[in-house]
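Asker: First to last, the sequence lines map onto chains A and B.
The numbers in the first sequence follow full-length UniProt numbering, run straight up by one, and end at 415.
The numbers in the second sequence follow full-length UniProt numbering, run straight up by one, and end at 415.
It is worth saying that the hints were derived from the structure and are not from the lab.
Possibly wrong hints are sitting among the right ones.
Identical copies look the same in the list; a pair holds intra-copy or inter-copy alike.
Stated by the list, open to error - Simulated pairs of lysine-lysine, DSBU-like, Cα-Cα distance not exceeding 35 Å:
hint, residue 1, residue 2
1, K292, K365
2, K410, K181
3, K369, K292
4, K237, K103
5, K181, K83
6, K83, K237
7, K83, K3
There are 2 protein chains.
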Amino acid sequence: MKKNLLVAQSGGPTAVINASLCGVIREGMRHPEEIGMVYGAVNGIQGILEGTIIRVDDQFETAADFELLCHTPSSALGSCRYKMPSPDKGPEQYAKILAMFRKYNIGYFAYIGGNDSMDTANKIADYCYEHGEEVRVVGVPKTIDNDLPITDHCPGFGSAAKYIATTLMEVAADAEVYPMKSVVIAEIMGRNAGWLTAAASLTRELGGSYAPQLIYLPEAVFDPEQFVEDVRRELDKRDTVVIAVSEGVRLADGSYAAESMQSGQVDAFGHKYLAGVGKYLERLTADRIGCKVRSLELSVMQRAAAHLQSATDLEEAVRAGEKAVEAMLRGDTRIMIAYRRISDAPYRIAYETAPLGEVANVEHKIPRKWINEAGNDVREELVRYLAPLIQGEVSIPMKNGVPMHFSFDKTRLAD
Amino acid sequence: MKKNLLVAQSGGPTAVINASLCGVIREGMRHPEEIGMVYGAVNGIQGILEGTIIRVDDQFETAADFELLCHTPSSALGSCRYKMPSPDKGPEQYAKILAMFRKYNIGYFAYIGGNDSMDTANKIADYCYEHGEEVRVVGVPKTIDNDLPITDHCPGFGSAAKYIATTLMEVAADAEVYPMKSVVIAEIMGRNAGWLTAAASLTRELGGSYAPQLIYLPEAVFDPEQFVEDVRRELDKRDTVVIAVSEGVRLADGSYAAESMQSGQVDAFGHKYLAGVGKYLERLTADRIGCKVRSLELSVMQRAAAHLQSATDLEEAVRAGEKAVEAMLRGDTRIMIAYRRISDAPYRIAYETAPLGEVANVEHKIPRKWINEAGNDVREELVRYLAPLIQGEVSIPMKNGVPMHFSFDKTRLAD
């Protein structure tokens with residue numbers, strides 16, 4: 001008997017997570033002899049638990065609708081940050097999921113997400129297997145943080161990296177106009193892994209001496225005194241110094257650099273002052289160097305800026321979704337789609353698979369040897385690794401001057 | 001005897017100030033029978049005072065170089081925030097400028113800038129006239145704030161508006177993924193005029209009910225209690241509420257809303273805590289409503305994002321530069337190029353001129369009648385005014401995945 005396909009999205013948004021969703025749905029619809037209907041769970045695993053499951057294969061009228069979905073940022077099916085307990089701690093939740101799979105005759109389950117999501121997918125696959133339910137479970141990687149193991153890189157990272165490099169160039173151009181000493185500090189996402197911050201170096205591929213002049217990553221110990229010296233030295237060479245810093249840089253004792261500024265005082269509302277590392281370094285620069293200084297956060301813009309999708313990232317994200325369906329149809333389960341890099345130039349990758357159990361809860365960080373000894377810049381090897389991932393521009397659908405986004409009708413629940 | 005043309009840029013950067021610069025230089029070079037050489041002053045009026053003047057007409061090898069300049073954000077000639085004293089307070093500065101004009105045989109001076117810059121241009125024009133030096137002085141408007149009088153709108157505003165609307169859409173998509181009540185607050189530039197913040201409403205031109213749901217502008221009195229009520233009401237209707245707020249919103253007593261949070265306490269460096277209105281409203285929301293809340297600042301990105309130039313804004317900015325040269329050749333002086341809107345749909349404008357003296361130091365704000373009575377949203381008239389300004393997309397020159405920018409050689413000073 002033909003089985004149905006269920007797809008869901010989880011974790012933080014990216015600019016191309018919907019491209020992978022498009023890949024799964026469209027590829028699923030290409031195999032009517034093996035796959036019956038394509039369902040989507042609203043808000044990831046939480047939607048399965050709550051029974052908010054919709055048909056998605058009947059929500060596309062034309063090929064242009066699929067295109068539109070590919071260029072829509074964030075998770076069109078909604079997301080969740082629901083952490084599944086182990087089956088012995090939460091048996092009723094697993095039973096609920098199994099019941100839903102049976103109710104909708106699910107034989108294929110594609111879960112698009114990052115680290116935690118792969119752990120969830122793995123647990124569900126194990127549980128189904130132990131209970132004799134044949135559901136093939138395949139994970140589709142997704143994270144701007146680029147911190148999944150085994151795979152060379154992750155869908156979503158390249159587009160965020162392109163946004164970061166482009167924005168840093170523009171911010172640097174903005175900062176350089178006045179004839180005075182000034183420092184600009186850009187705080188970039190990445191609590192434990194510095195891949196996104198390292199992407200700020202991609203401006204150098206243009207050949208000139210582009211900003212940022214200093215790059216601080218969580219993989220190297222952060223020393224405030226060294227920072228002040230670094231900035232002083234760079235200010236001696238030029239008027240404007242642009243700095244890219246990861247939100248997660250830590251001192252030698254392992255604490256976050258920004259913590260050293262938290263004074264325990266409260267504001268008019270009684271809330272503790274909490275500032276990010278950008279604000280911390282801004283204050284440090286003002287205090288110790290005394291020049292004009294500005295900090296800015298690329299915030300959620302860096303993960304949602306679909307208008308600056310990397311063509312490479314977009315194509316790979318779609319293909320990852322398609323490959324997940326192909327793998328399920330081959331009979332694969334408990335795996336995640338992974339990229340293996342064949343060469344940097346010309347850039348070529350192969351699509352492979354990794355066991356979910358080996359991906360779940362493992363964080364892939366930047367090798368220390370790809371960071372310079374002083375811990376204030378990236379090495380050439382890292383730029384070479386990053387550069388192919390942001391290549392290629394995408395023409396996104398626009399209407400009345402702003403991007404068009406796709407949205408599902410999530411109110412019509414499946415029977 | 002043929003005279004030379006001098007051009008300079010002043011004030012804060014925009015995404016298209018270099019497009020106006022391109023218009024001036026290229027048009028200047030098209031009239032060799034009347035204009036000798038085209039010079040640029042580095043860092044605006046400050047460059048004239050310090051004698052940092054370069055040839056710019058010999059720095060373009062091909063038409064593509066002019067194109068590149070048009071797509072380069074910020075001020076390629078550098079900028080300044082130098083406030084000229086009145087001639088009786090600083091006669092030596094005016095004498096210096098006059099001497100430079102004479103040294104370089106300047107007969108045409110184009111100054112690209114905002115409010116203060118038009119004041120500077122006006123003073124210089126007066127001084128030259130009084131001292132018998134025939135220099136035709138024409139201002140080219142430039143400001144993301146859109147607050148210059150007489151002209152229908154200002155070059156630079158449309159591109160910033162397009163960036164703001166696009167970013168708000170992406171940020172809203174990002175915020176809407178989790179099934180929980182949440183509030184996102186985007187702090188947008190505009191200390192006295194709310195045009196930029198109002199541009200967040202342009203997502204509505206797509207026809208749906210797009211974010212932001214609440215828009216607060218400096219032109220309407222801000223009431224924190226009303227804000228809390230507004231947010232509560234919107235949260236009753238939907239999970240995610242997106243708010244656009246101008247950095248300059250003020251309470252009934254005229255003080256900035258953000259000031260009410262400043263507690264006078266100092267951080268570990270002894271600096272006073274200074275937070276923007278976004279952070280203030282974030283705290284207010286957390287304190288009074290208690291849901292998930294995030295604030296973000298569009299910071300300098302909103303004025304530097306040349307990768308999202310509005311085609312309309314870009315074309316008009318180039319034309320404003322060209323028109324300035326045309327006006328000077330006609331014999332006009334002490335004027336600024338201005339746009340007059342002929343119709344909204346189809347959108348048509350005429351290029352006119354305004355006396356510098358009537359432009360200098362006057363701030364053009366949003367008419368209160370274009371804001372709704374509650375002061376938490378814009379009216380249809382305002383959207384109709386704004387919509388044409390962000391129309392059209394531009395394909396910017398890219399290399400290795402990031403935008404290419406033009407730069408002048410500023411080290412070779414003119415003889």
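Asker: Please sort K369 with K292 into within, between, both or neither, judging by C-alpha distance up to 35 Å.
Answerer: For K369 and K292, the Cα distance is within 35 Å only inside one copy (33 Å; across copies 39 Å).
Asker: Within, between, both or neither: how does the pair K237, K103 come out at a Cα-Cα threshold of 35 Å?
Answerer: between (68 Å within a copy, 32 Å between copies)
Asker: Given a CA cutoff of 35 Å, do K292 and K365 count as a within-copy pair, a between-copy pair, both, or neither?
Answerer: Classified as both: same-chain Cα gap 33 Å, cross-chain 29 Å, threshold 35 Å.
Asker: Indicate which option fits the pair K181, K83 if close means a Cα-Cα distance not exceeding 35 Å: within, between, both or neither.
Answerer: between (48 Å within a copy, 19 Å between copies)
Asker: If the cut is 35 Å between Cα atoms, do K83 and K3 qualify within a copy, between copies, both or neither?
Answerer: within (27 Å within a copy, 74 Å between copies)
Asker: My question is about K83 and K237: at a cut-off of 35 Å on alpha-carbon distance, are they close within one copy, between copies, both, or neither?
Answerer: between (50 Å within a copy, 28 Å between copies)
Asker: If the cutoff is 35 Å on CA atoms, where do K410 and K181 land: within, between, both or neither? Let me know, please.
Answerer: between (53 Å within a copy, 17 Å between copies)
Going through the hint list in order, the structure satisfies each hint without exception.
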